[in-house]
Amino acid sequence: MKLASLRGPGRDGTLVVVRRDGLAYTPAGEAFPTLQAALDDWERAEPALRRIAADVELGEAAVTPLVAEELAAPLPRAYEWVDGSAYIHHIVLVRKARGAEPPETLTTDPLVYQGGSGVLLGPTDDIVLRDEAWGLDFEAEVCAVLGDTPQGTRREEAHRHIRLFLLANDVTLRNLVPAELAKGFGFFCSKPATAFSPFAITPDELGDALRDGRVHLRLRSTYNGALIGDPEAGPEMHFSFFDLIEHIARTRSFTAGTLLGSGTVSNRDPARGVSCLAERRMLEILSDGAARTPFMKPGDTIMIEMLNRAGESLFGRIAQRVVAR
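The opening residue of the sequence shown carries number -2 in this note's numbering; numbering runs sequentially from there.
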(Lines of atoms letter the chains of each structure in order from A and count residues from 1; the text may use other names and numbers.)
(Lines give C-alpha, C1' and ligand atoms only; values in the text may rest on other atoms or scores of the structure.)
Protein backbone atom coordinates (compact mmCIF):
# COMPACT_ATOMS: atom_id res chain seq x y z
CA MET A 1 0.00 0.00 0.00
CA LYS A 2 1.29 3.45 -1.00
CA LEU A 3 0.09 6.54 0.82
CA ALA A 4 0.64 10.23 0.11
CA SER A 5 -0.56 13.64 1.26
CA LEU A 6 -1.92 16.34 -1.00
CA ARG A 7 -1.12 19.90 0.01
CA GLY A 8 -3.91 21.48 2.11
CA PRO A 9 -6.48 22.39 2.98
CA GLY A 10 -5.03 22.19 6.49
CA ARG A 11 -1.44 22.03 7.67
CA ASP A 12 -1.44 18.23 7.73
CA GLY A 13 -2.56 17.84 4.12
CA THR A 14 -5.10 15.37 2.76
CA LEU A 15 -4.40 11.64 2.84
CA VAL A 16 -4.69 9.75 -0.45
CA VAL A 17 -4.15 6.12 -1.45
CA VAL A 18 -1.83 5.84 -4.44
CA ARG A 19 -2.02 3.25 -7.20
CA ARG A 20 0.98 0.91 -7.17
CA ASP A 21 2.40 2.42 -10.36
CA GLY A 22 2.46 5.83 -8.65
CA LEU A 23 0.49 7.53 -11.41
CA ALA A 24 -2.95 7.99 -9.82
CA TYR A 25 -4.68 8.21 -6.46
CA THR A 26 -8.01 8.24 -4.70
CA PRO A 27 -8.89 10.06 -1.45
CA ALA A 28 -8.67 8.08 1.77
CA GLY A 29 -12.01 9.53 2.86
CA GLU A 30 -13.49 11.40 5.78
CA ALA A 31 -12.70 8.71 8.35
CA PHE A 32 -8.95 9.26 7.88
CA PRO A 33 -8.48 12.73 6.44
CA THR A 34 -4.73 12.89 7.18
CA LEU A 35 -1.91 10.41 7.55
CA GLN A 36 -1.52 11.41 11.18
CA ALA A 37 -5.19 10.59 11.80
CA ALA A 38 -4.65 7.16 10.25
CA LEU A 39 -1.51 6.51 12.32
CA ASP A 40 -3.36 7.51 15.50
CA ASP A 41 -5.94 4.78 14.81
CA TRP A 42 -3.86 2.31 12.79
CA GLU A 43 -5.65 -0.86 13.87
CA ARG A 44 -8.82 0.46 12.30
CA ALA A 45 -7.22 2.55 9.56
CA GLU A 46 -4.90 -0.03 8.01
CA PRO A 47 -7.58 -2.54 6.92
CA ALA A 48 -9.82 0.27 5.68
CA LEU A 49 -7.02 1.81 3.64
CA ARG A 50 -6.01 -1.58 2.26
CA ARG A 51 -9.54 -2.11 1.00
CA ILE A 52 -9.35 1.22 -0.81
CA ALA A 53 -5.94 0.26 -2.24
CA ALA A 54 -7.34 -3.04 -3.52
CA ASP A 55 -10.23 -1.20 -5.21
CA VAL A 56 -7.76 1.17 -6.84
CA GLU A 57 -5.67 -1.70 -8.24
CA LEU A 58 -8.79 -3.46 -9.53
CA GLY A 59 -10.07 -0.30 -11.20
CA GLU A 60 -13.11 -0.24 -8.93
CA ALA A 61 -12.36 3.19 -7.42
CA ALA A 62 -12.36 6.51 -9.23
CA VAL A 63 -8.82 7.88 -9.47
CA THR A 64 -7.18 11.20 -10.23
CA PRO A 65 -3.87 11.52 -12.13
CA LEU A 66 -1.05 12.19 -9.68
CA VAL A 67 1.00 15.37 -10.03
CA ALA A 68 4.11 15.30 -7.86
CA GLU A 69 4.11 19.06 -7.32
CA GLU A 70 0.71 18.79 -5.63
CA LEU A 71 2.11 16.56 -2.89
CA ALA A 72 3.38 17.59 0.50
CA ALA A 73 5.59 15.31 2.55
CA PRO A 74 3.56 12.25 3.62
CA LEU A 75 3.67 13.83 7.09
CA PRO A 76 3.85 17.59 6.42
CA ARG A 77 4.64 18.01 10.11
CA ALA A 78 5.41 15.30 12.62
CA TYR A 79 5.56 14.91 16.37
CA GLU A 80 9.23 13.94 16.19
CA TRP A 81 11.98 13.53 13.57
CA VAL A 82 14.79 11.41 14.97
CA ASP A 83 17.71 10.66 12.68
CA GLY A 84 20.28 7.96 13.24
CA SER A 85 23.70 7.45 11.67
CA ALA A 86 23.74 3.73 11.04
CA TYR A 87 26.42 3.52 8.33
CA ILE A 88 29.91 3.30 9.85
CA HIS A 89 31.68 4.25 6.61
CA HIS A 90 29.78 7.55 6.48
CA ILE A 91 30.56 8.38 10.11
CA VAL A 92 34.29 7.76 9.62
CA LEU A 93 34.49 9.84 6.43
CA VAL A 94 32.57 12.89 7.65
CA ARG A 95 34.45 12.89 10.95
CA LYS A 96 37.73 12.91 9.01
CA ALA A 97 36.40 15.76 6.88
CA ARG A 98 36.04 18.00 9.94
CA GLY A 99 39.12 16.71 11.75
CA ALA A 100 37.23 14.79 14.42
CA GLU A 101 37.81 11.29 15.72
CA PRO A 102 35.00 8.69 15.59
CA PRO A 103 33.46 7.98 19.01
CA GLU A 104 34.85 5.07 21.00
CA THR A 105 31.37 3.51 20.90
CA LEU A 106 31.23 3.71 17.08
CA THR A 107 30.16 0.10 16.57
CA THR A 108 28.27 -0.49 19.82
CA ASP A 109 26.07 2.55 20.45
CA PRO A 110 24.05 4.29 17.69
CA LEU A 111 24.42 7.99 17.00
CA VAL A 112 21.14 9.93 16.77
CA TYR A 113 20.06 13.55 16.68
CA GLN A 114 16.61 15.11 16.88
CA GLY A 115 15.79 17.44 14.00
CA GLY A 116 13.06 19.96 13.43
CA SER A 117 9.71 18.36 12.66
CA GLY A 118 7.25 21.25 12.57
CA VAL A 119 8.13 22.16 8.96
CA LEU A 120 8.94 19.23 6.66
CA LEU A 121 9.52 19.70 2.94
CA GLY A 122 7.57 17.99 0.18
CA PRO A 123 9.33 15.98 -2.53
CA THR A 124 9.54 18.86 -5.01
CA ASP A 125 9.97 21.78 -2.61
CA ASP A 126 12.95 24.06 -3.23
CA ILE A 127 15.91 24.04 -0.86
CA VAL A 128 16.34 27.66 0.19
CA LEU A 129 19.97 28.71 0.67
CA ARG A 130 20.55 32.12 2.22
CA ASP A 131 24.36 31.93 2.28
CA GLU A 132 26.59 29.70 0.11
CA ALA A 133 29.31 29.93 2.78
CA TRP A 134 27.20 27.65 4.98
CA GLY A 135 28.16 24.63 2.85
CA LEU A 136 24.84 23.14 1.71
CA ASP A 137 24.79 19.35 1.29
CA PHE A 138 22.16 16.72 0.58
CA GLU A 139 21.94 13.40 2.46
CA ALA A 140 19.98 10.49 0.99
CA GLU A 141 18.38 8.26 3.61
CA VAL A 142 15.78 5.57 4.26
CA CYS A 143 13.24 6.30 7.02
CA ALA A 144 10.61 4.50 9.05
CA VAL A 145 7.34 5.89 10.36
CA LEU A 146 6.57 4.55 13.81
CA GLY A 147 3.34 3.78 15.56
CA ASP A 148 3.09 4.19 19.32
CA THR A 149 6.38 2.82 20.66
CA PRO A 150 6.67 2.26 24.41
CA GLN A 151 9.75 2.94 26.48
CA GLY A 152 11.87 -0.18 26.83
CA THR A 153 10.99 -1.65 23.42
CA ARG A 154 13.60 -4.29 22.53
CA ARG A 155 14.93 -4.94 19.06
CA GLU A 156 13.09 -8.29 18.95
CA GLU A 157 9.77 -6.43 19.32
CA ALA A 158 10.63 -3.40 17.21
CA HIS A 159 9.07 -4.63 13.96
CA ARG A 160 5.64 -4.36 15.59
CA HIS A 161 6.01 -0.59 15.78
CA ILE A 162 7.06 0.18 12.19
CA ARG A 163 4.06 1.30 10.17
CA LEU A 164 5.59 2.68 6.97
CA PHE A 165 8.84 3.38 5.14
CA LEU A 166 9.83 6.42 3.06
CA LEU A 167 12.94 8.27 1.85
CA ALA A 168 14.47 11.53 3.05
CA ASN A 169 16.88 14.24 2.00
CA ASP A 170 18.31 15.25 5.36
CA VAL A 171 19.76 18.60 4.31
CA THR A 172 22.91 19.69 6.16
CA LEU A 173 24.84 22.96 6.30
CA ARG A 174 28.29 21.41 6.66
CA ASN A 175 30.27 24.53 7.46
CA LEU A 176 28.03 25.31 10.44
CA VAL A 177 28.48 21.87 11.99
CA PRO A 178 31.96 22.16 13.62
CA ALA A 179 31.22 25.32 15.58
CA GLU A 180 27.88 23.96 16.77
CA LEU A 181 29.32 20.66 17.94
CA ALA A 182 32.21 22.47 19.63
CA LYS A 183 29.64 23.93 22.03
CA GLY A 184 28.91 20.39 23.21
CA PHE A 185 25.19 20.64 22.65
CA GLY A 186 24.55 19.11 19.21
CA PHE A 187 23.15 20.11 15.81
CA PHE A 188 20.65 22.91 15.40
CA CYS A 189 21.23 25.68 12.83
CA SER A 190 23.26 23.25 10.71
CA LYS A 191 20.15 21.12 10.17
CA PRO A 192 17.44 22.98 8.21
CA ALA A 193 14.17 21.43 7.04
CA THR A 194 14.28 17.82 5.80
CA ALA A 195 12.49 16.71 2.61
CA PHE A 196 10.63 13.43 2.21
CA SER A 197 9.62 11.20 -0.69
CA PRO A 198 6.17 11.46 -2.32
CA PHE A 199 5.01 8.09 -1.00
CA ALA A 200 5.14 6.29 2.32
CA ILE A 201 4.73 2.54 1.83
CA THR A 202 3.77 -0.35 4.06
CA PRO A 203 6.58 -2.82 4.84
CA ASP A 204 5.03 -5.57 2.68
CA GLU A 205 5.62 -3.42 -0.42
CA LEU A 206 9.33 -4.14 0.06
CA GLY A 207 8.85 -7.91 -0.12
CA ASP A 208 11.99 -9.93 0.61
CA ALA A 209 14.11 -6.77 0.27
CA LEU A 210 13.13 -6.03 3.88
CA ARG A 211 15.24 -8.31 6.07
CA ASP A 212 16.49 -7.96 9.64
CA GLY A 213 15.24 -4.39 9.90
CA ARG A 214 17.15 -3.28 6.79
CA VAL A 215 16.05 -2.41 3.25
CA HIS A 216 18.21 -4.38 0.83
CA LEU A 217 17.90 -2.20 -2.25
CA ARG A 218 20.02 0.54 -3.84
CA LEU A 219 19.33 4.18 -3.06
CA ARG A 220 19.98 6.35 -6.12
CA SER A 221 21.10 9.99 -5.93
CA THR A 222 21.26 12.05 -9.12
CA TYR A 223 23.07 15.36 -8.72
CA ASN A 224 22.73 17.97 -11.46
CA GLY A 225 21.52 15.32 -13.86
CA ALA A 226 24.32 12.80 -13.24
CA LEU A 227 24.19 9.69 -11.06
CA ILE A 228 26.43 10.40 -8.08
CA GLY A 229 25.62 7.31 -6.01
CA ASP A 230 23.60 4.11 -5.85
CA PRO A 231 24.79 2.37 -2.67
CA GLU A 232 23.19 -0.73 -1.24
CA ALA A 233 21.06 0.34 1.70
CA GLY A 234 21.03 -3.04 3.44
CA PRO A 235 24.35 -4.85 3.92
CA GLU A 236 26.39 -2.01 5.47
CA MET A 237 23.65 -0.62 7.71
CA HIS A 238 25.52 -1.47 10.91
CA PHE A 239 22.60 -0.60 13.18
CA SER A 240 19.27 -1.84 11.79
CA PHE A 241 15.99 0.00 12.27
CA PHE A 242 15.31 -2.52 15.04
CA ASP A 243 18.56 -1.51 16.76
CA LEU A 244 17.76 2.17 16.35
CA ILE A 245 14.29 1.72 17.86
CA GLU A 246 15.69 -0.13 20.86
CA HIS A 247 18.23 2.66 21.34
CA ILE A 248 15.87 5.62 21.18
CA ALA A 249 13.24 3.86 23.33
CA ARG A 250 15.72 3.17 26.10
CA THR A 251 14.55 6.12 28.20
CA ARG A 252 11.30 7.36 26.64
CA SER A 253 8.26 6.45 24.60
CA PHE A 254 7.39 7.69 21.12
CA THR A 255 4.03 8.56 19.70
CA ALA A 256 2.47 7.43 16.43
CA GLY A 257 3.80 9.55 13.59
CA THR A 258 7.41 9.66 14.79
CA LEU A 259 9.89 9.65 11.89
CA LEU A 260 13.12 7.65 12.30
CA GLY A 261 15.97 7.99 9.79
CA SER A 262 18.75 5.60 8.90
CA GLY A 263 21.37 8.27 8.39
CA THR A 264 23.21 8.76 5.10
CA VAL A 265 23.41 5.50 3.16
CA SER A 266 27.05 4.68 2.52
CA ASN A 267 29.13 1.81 1.09
CA ARG A 268 32.86 1.15 1.27
CA ASP A 269 32.96 0.19 -2.42
CA PRO A 270 33.86 3.41 -4.30
CA ALA A 271 32.01 2.11 -7.35
CA ARG A 272 28.75 2.66 -5.48
CA GLY A 273 29.39 6.40 -5.26
CA VAL A 274 28.11 8.63 -2.47
CA SER A 275 24.84 9.82 -0.90
CA CYS A 276 26.23 13.21 0.13
CA LEU A 277 28.87 15.66 -1.06
CA ALA A 278 30.83 15.56 2.20
CA GLU A 279 31.84 11.96 1.47
CA ARG A 280 32.93 12.79 -2.08
CA ARG A 281 34.99 15.72 -0.80
CA MET A 282 36.69 13.55 1.83
CA LEU A 283 37.52 10.86 -0.73
CA GLU A 284 39.07 13.57 -2.91
CA ILE A 285 41.16 14.78 0.03
CA LEU A 286 42.38 11.26 0.76
CA SER A 287 43.17 10.66 -2.91
CA ASP A 288 44.50 14.03 -4.11
CA GLY A 289 45.14 16.08 -1.00
CA ALA A 290 42.32 18.56 -1.61
CA ALA A 291 38.54 18.63 -2.12
CA ARG A 292 37.50 19.56 -5.67
CA THR A 293 33.72 19.22 -5.41
CA PRO A 294 32.02 22.38 -4.10
CA PHE A 295 28.98 22.27 -1.88
CA MET A 296 25.57 23.00 -3.40
CA LYS A 297 24.71 26.39 -4.83
CA PRO A 298 21.60 28.02 -6.31
CA GLY A 299 20.52 26.25 -9.49
CA ASP A 300 21.83 22.83 -8.41
CA THR A 301 19.39 19.91 -8.39
CA ILE A 302 19.20 16.65 -6.44
CA MET A 303 16.96 13.64 -7.11
CA ILE A 304 16.68 10.68 -4.75
CA GLU A 305 14.74 7.47 -5.35
CA MET A 306 14.78 3.72 -4.77
CA LEU A 307 13.82 1.12 -7.35
CA ASN A 308 12.65 -2.40 -6.62
CA ARG A 309 14.17 -5.36 -8.46
CA ALA A 310 11.64 -4.92 -11.26
CA GLY A 311 12.88 -1.37 -11.81
CA GLU A 312 9.78 0.29 -10.33
CA SER A 313 10.08 3.39 -8.17
CA LEU A 314 8.86 2.38 -4.72
CA PHE A 315 8.65 5.76 -3.00
CA GLY A 316 8.45 8.11 -5.96
CA ARG A 317 11.21 10.65 -6.44
CA ILE A 318 12.53 13.47 -4.30
CA ALA A 319 13.40 16.14 -6.89
CA GLN A 320 14.62 19.44 -5.46
CA ARG A 321 16.33 22.57 -6.70
CA VAL A 322 18.48 24.94 -4.65
CA VAL A 323 17.30 28.55 -4.72
CA ALA A 324 18.74 31.73 -3.23
CA ARG A 325 16.58 33.73 -0.87
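Simulated from the structure, these hints should not be mistaken for laboratory data.
Each residue gets a CB set at the ideal place from its N, CA and C atoms; glycine is no exception.
Errors might be hidden in some of the hints.
Unchecked claim - Here are the simulated distance ranges between beta carbons:
{"#": "1", "residue 1": "127", "residue 2": "105", "range": "35 to 41 Å"}
{"#": "2", "residue 1": "322", "residue 2": "175", "range": "21 to 27 Å"}
{"#": "3", "residue 1": "268", "residue 2": "322", "range": "34 to 40 Å"}
{"#": "4", "residue 1": "288", "residue 2": "125", "range": "23 to 29 Å"}
{"#": "5", "residue 1": "105", "residue 2": "5", "range": "41 to 47 Å"}
{"#": "6", "residue 1": "309", "residue 2": "182", "range": "42 to 48 Å"}
{"#": "7", "residue 1": "252", "residue 2": "304", "range": "16 to 22 Å"}
{"#": "8", "residue 1": "61", "residue 2": "38", "range": "21 to 27 Å"}
{"#": "9", "residue 1": "51", "residue 2": "116", "range": "32 to 38 Å"}
As the list claims (entries may be wrong) - Derived pair list, reagent style DSSO-like, types lysine-lysine, alpha-carbon separation capped at 30 Å:
{"#": "10", "residue 1": "180", "residue 2": "294"}
{"#": "11", "residue 1": "93", "residue 2": "294"}
{"#": "12", "residue 1": "93", "residue 2": "180"}
Query raised in the report: Are residue 93 and residue 294 close enough, with their CA atoms no more than 30 Å apart?
Result: Holds: residue 93 and residue 294 sit about 23 Å apart, inside 30 Å.
Query raised in the report: If you check the beta carbons of residue 268 and residue 322, does the distance land in 34 to 40 Å?
Result: 37 Å, holds
Requested in this report: With respect to the beta-carbon atoms only, verify the hint that residue 322 and residue 175 lie 21 to 27 Å apart.
Outcome: Since residue 322 and residue 175 have Cβ atoms about 24 Å apart, the given range 21 to 27 Å holds.
Query raised in the report: Does residue 180 lie within 30 Å of residue 93 when you go C-alpha to C-alpha?
Result: 19 Å, holds
Query raised in the report: Is the hinted range of 32 to 38 Å satisfied by the C-beta distance from residue 51 to residue 116?
Result: At 34 Å between Cβs, range holds.
Report task. Given the hint of 23 to 29 Å, check if residue 288 and residue 125 actually sit that far apart at their C-beta atoms. Result -> Given about 24 Å between the Cβ atoms, the range holds.
**Report entry** Whether the CB-CB distance between residue 127 and residue 105 falls inside 35 to 41 Å
**Finding:** 39 Å, holds
Query - Range hint 21 to 27 Å (beta carbons of residue 61 and residue 38) holds or violated - result: With Cβ atoms ~25 Å apart, the hint holds.
**Report entry** Pair hint residue 180 and residue 294, alpha-carbon separation not exceeding 30 Å
**Finding:** 27 Å, holds
Requested in this report: With 42 to 48 Å as the target window, see if residue 309 and residue 182 comply at their CB atoms.
Outcome: 43 Å, holds
Query raised in the report: Is it true that the C-beta distance of residue 252 to residue 304 lies inside 16 to 22 Å, as the hint says?
Result: Given a distance of about 32 Å, which is not inside 16 to 22 Å, the answer is violated.
Query - residue 5 and residue 105 - C-beta distance against the hinted 41 to 47 Å - result: Roughly 45 Å apart at Cβ, these two residues keep to the hinted range, so it holds.
Hint violations for this structure: number 7 only, all remaining hints satisfied.
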